[in-house]
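Asks: Sequence:
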Amino acid sequence: MSGSGRRGRYGDGVTRRGEDHGGAVPRGRLDKRPAILDAAFDVFSQEGYAAAGVEVIAAKAGVAKHTVYNHFGDKLGLLRAVIAVEAERTAARNLAALDPLRKPDEDVRTVLEQAGFRLLECFNDDRSAALRRLAYAEVSQAPELLDLIQGRSVEAVTELLIAPAVQSDAPGEP
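For the sequence shown, position 71 matches number 74 in my numbering, and the numbering has no gaps at all.
Errors might be hidden in some of the hints.
Just the calculated beta-carbon pair ranges, DEER-fashion [claimed, not checked]:
(1) 56 / 106: 17 to 27 Å
(2) 41 / 162: 26 to 36 Å
(3) 99 / 41: 41 to 51 Å
(4) 163 / 63: 10 to 20 Å
(5) 111 / 34: 42 to 52 Å
(6) 56 / 113: 25 to 35 Å
(7) 34 / 164: 16 to 26 Å
(8) 62 / 129: 32 to 42 Å
What the hints contain is simulated information worked out from the structure, not anything from laboratory work. Just so you know, these numbers come straight off a predicted model, no measurement behind them. Just so it is clear, CB atoms sit at the ideal spot from N, CA and C, and this is done for glycine as well.
Generate the whole structure from the sequences, applying the supplied hints.
Replies: Written out as structure tokens, the structure is:
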């Protein structure tokens, strides 16, 4: 593609197979992944990992069974991906709950109480509870699952909580 900034090799605005899509997700492999992950989370949560069938997950996601294997390799690879995605979502919810701590407009005690309450809500929501049950049930088969959940959330929350202390200890600060 030339440096003209026009999409498509021929400058006609048409993106062909193998060319840059300018940020658009091509229909096909990539757009099936979220559907598979959501379906897998639902099926794993309801039936448990051992009882969950890849064919059931594929049907729920609206894809062929081999598509699941093409994306994730095997059932355990799918479980790891599900846990990783859900752990990221959980970490994002936890950070959003703590956002008022960044620059409290009210007194610190009130902000801390509200943040604690929001964290409890995050911890106790159905999806978060299902994620923990799923990971704890399969920890003997894949110990890294707990690290995926705890590591990301704990790391993100810890960074948020210690950042003000680190900034106040910076040279040149009063």
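Asks: Of all the hints given earlier, name the ones this structure violates by number, lowest first.
Replies: Of the numbered hints given earlier, those the structure breaks are 1, 3, 4, 6, 7 and 8, listed in rising order.
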